[in-house]
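Residue numbers (our numbering), protein chains in the order written: chain D, 1 to 156; chain R, 1 to 156.
In short, the hints are calculated from the structure, not lab data.
C-beta: ideal position from N, C-alpha, C; glycine also.
There may be inaccurate statements among the hints.
[Unchecked claim] Per label pair, the in silico range of CB-to-CB distance:
| id | chain 1 | residue 1 | chain 2 | residue 2 | range |
| --- | --- | --- | --- | --- | --- |
| 1 | D | GLY110 | R | TYR155 | 36 to 46 angstroms |
| 2 | R | GLU69 | D | VAL63 | 40 to 50 angstroms |
| 3 | R | ASP80 | D | PRO82 | 49 to 59 angstroms |
| 4 | D | GLN109 | R | ARG143 | 35 to 45 angstroms |
| 5 | R | GLN3 | D | GLN79 | 33 to 43 angstroms |
| 6 | R | ARG76 | D | THR41 | 14 to 24 angstroms |
| 7 | R | GLY140 | D | THR41 | 26 to 36 angstroms |
[Claimed, not checked] Cut-off 30 angstroms, straight-line C-alpha distance, at most; resulting in silico cross-link-like pairs (DSS-like, lysine-lysine):
| id | chain 1 | residue 1 | chain 2 | residue 2 |
| --- | --- | --- | --- | --- |
| 8 | D | LYS92 | R | LYS62 |
| 9 | D | LYS92 | R | LYS92 |
| 10 | D | LYS62 | R | LYS92 |
| 11 | R | LYS62 | R | LYS92 |
| 12 | D | LYS92 | D | LYS62 |
| 13 | D | LYS67 | D | LYS92 |
| 14 | R | LYS92 | R | LYS67 |
There are 2 protein chains.
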Amino acid sequence: MTQDPISLVPIGRVRGGRSEVIDDDWGGNRSTIDLDPQTFTPDALAGLGDFSHVEVIFFFDKVPEAKIETGARHPRGRQDWPMVGIFAQRGKNRPNRLGLCTCRVVGVQGLSLQVEGLDAIDGTPVLDIKPVMTGFLPRGEVREPAWAAEIMADYW
Amino acid sequence: MTQDPISLVPIGRVRGGRSEVIDDDWGGNRSTIDLDPQTFTPDALAGLGDFSHVEVIFFFDKVPEAKIETGARHPRGRQDWPMVGIFAQRGKNRPNRLGLCTCRVVGVQGLSLQVEGLDAIDGTPVLDIKPVMTGFLPRGEVREPAWAAEIMADYW
Numbered sequence: 001m002t003q004d005p006i007s008l009v010p011i012g013r014v015r016g017g018r019s020e021v022i023d024d025d026w027g028g029n030r031s032t033i034d035l036d037p038q039t040f041t042p043d044a045l046a047g048l049g050d051f052s053h054v055e056v057i058f059f060f061d062k063v064p065e066a067k068i069e070t071g072a073r074h075p076r077g078r079q080d081w082p083m084v085g086i087f088a089q090r091g092k093n094r095p096n097r098l099g100l101c102t103c104r105v106v107g108v109q110g111l112s113l114q115v116e117g118l119d120a121i122d123g124t125p126v127l128d129i130k131p132v133m134t135g136f137l138p139r140g141e142v143r144e145p146a147w148a149a150e151i152m153a154d155y156w
Numbered sequence: 001m002t003q004d005p006i007s008l009v010p011i012g013r014v015r016g017g018r019s020e021v022i023d024d025d026w027g028g029n030r031s032t033i034d035l036d037p038q039t040f041t042p043d044a045l046a047g048l049g050d051f052s053h054v055e056v057i058f059f060f061d062k063v064p065e066a067k068i069e070t071g072a073r074h075p076r077g078r079q080d081w082p083m084v085g086i087f088a089q090r091g092k093n094r095p096n097r098l099g100l101c102t103c104r105v106v107g108v109q110g111l112s113l114q115v116e117g118l119d120a121i122d123g124t125p126v127l128d129i130k131p132v133m134t135g136f137l138p139r140g141e142v143r144e145p146a147w148a149a150e151i152m153a154d155y156w
């Protein structure tokens, strides 16, 4: 299986909000996503204010390649949680270093989307923004292991 | 704002399931995501079977660059729906051509993750898999415009 690389160009950057990488307490974090004015006009965000939430795909640019995990590890290094594969957890040291967060839309102004609860720091490259549609939420009951609930206890 | 390109390498491919790009009826679509055996061992998927759902980030490799929309358009070309920005809709002709789908975990076998309801066709490059944790679902009430519910009526 040969896998040709795919080249992506950030659509913009996270501006403001938290500037340090910290595990918890992201809930009240307010920031904006500023679209690149060389590529976009405010048209790109038209109508986004009619949605309460967006999904943001971003790039963990502070993670060095050498730290990427391709196998299994304890989430957050917690020995009391099971060893699980990198694709069974959401940690940032992952192949392709993609982050994904559902956050609240505060407002849209020109090329800026103001959000609350985006778990990406100031300066983070953003790759995509998608509106949350109820039809795209999980279909059927959501089941998760106990550690997955514990890890989120203080996250927001 | 200069935006250096980011190079990603697919972690694997979608195998099986639907092979034609069709807008609707994805709900019963069963396929597998086969991880690249040159990079991964089954460890990478360890514990994923304890989750009912995953989020899959993939690349719409069939969309030609010339078709990418950077401004606003009617979703699916429907004139009776409003003109909205490309980041206020989930269509595939979008900057960076990233797809994102929440689908059901059917099972894990070696380097293969079997899923149901993944809206990506056979052969699609996959960039990331994340487990759905209830703590990462939208916080607060989800609000969306009427067209967003209409567009999903026959999707699954």
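Results for each hint:
no.	hint	result
1	D:GLY110 with R:TYR155: 36 to 46 angstroms	violated, 32 angstroms
2	R:GLU69 with D:VAL63: 40 to 50 angstroms	violated, 31 angstroms
3	R:ASP80 with D:PRO82: 49 to 59 angstroms	holds, 51 angstroms
4	D:GLN109 with R:ARG143: 35 to 45 angstroms	violated, 19 angstroms
5	R:GLN3 with D:GLN79: 33 to 43 angstroms	holds, 40 angstroms
6	R:ARG76 with D:THR41: 14 to 24 angstroms	holds, 22 angstroms
7	R:GLY140 with D:THR41: 26 to 36 angstroms	holds, 30 angstroms
8	D:LYS92 with R:LYS62	holds, 28 angstroms
9	D:LYS92 with R:LYS92	holds, 26 angstroms
10	D:LYS62 with R:LYS92	holds, 28 angstroms
11	R:LYS62 with R:LYS92	holds, 10 angstroms
12	D:LYS92 with D:LYS62	holds, 10 angstroms
13	D:LYS67 with D:LYS92	holds, 10 angstroms
14	R:LYS92 with R:LYS67	holds, 10 angstroms
Violated hints, in rising order: 1, 2 and 4; the structure is consistent with all others.
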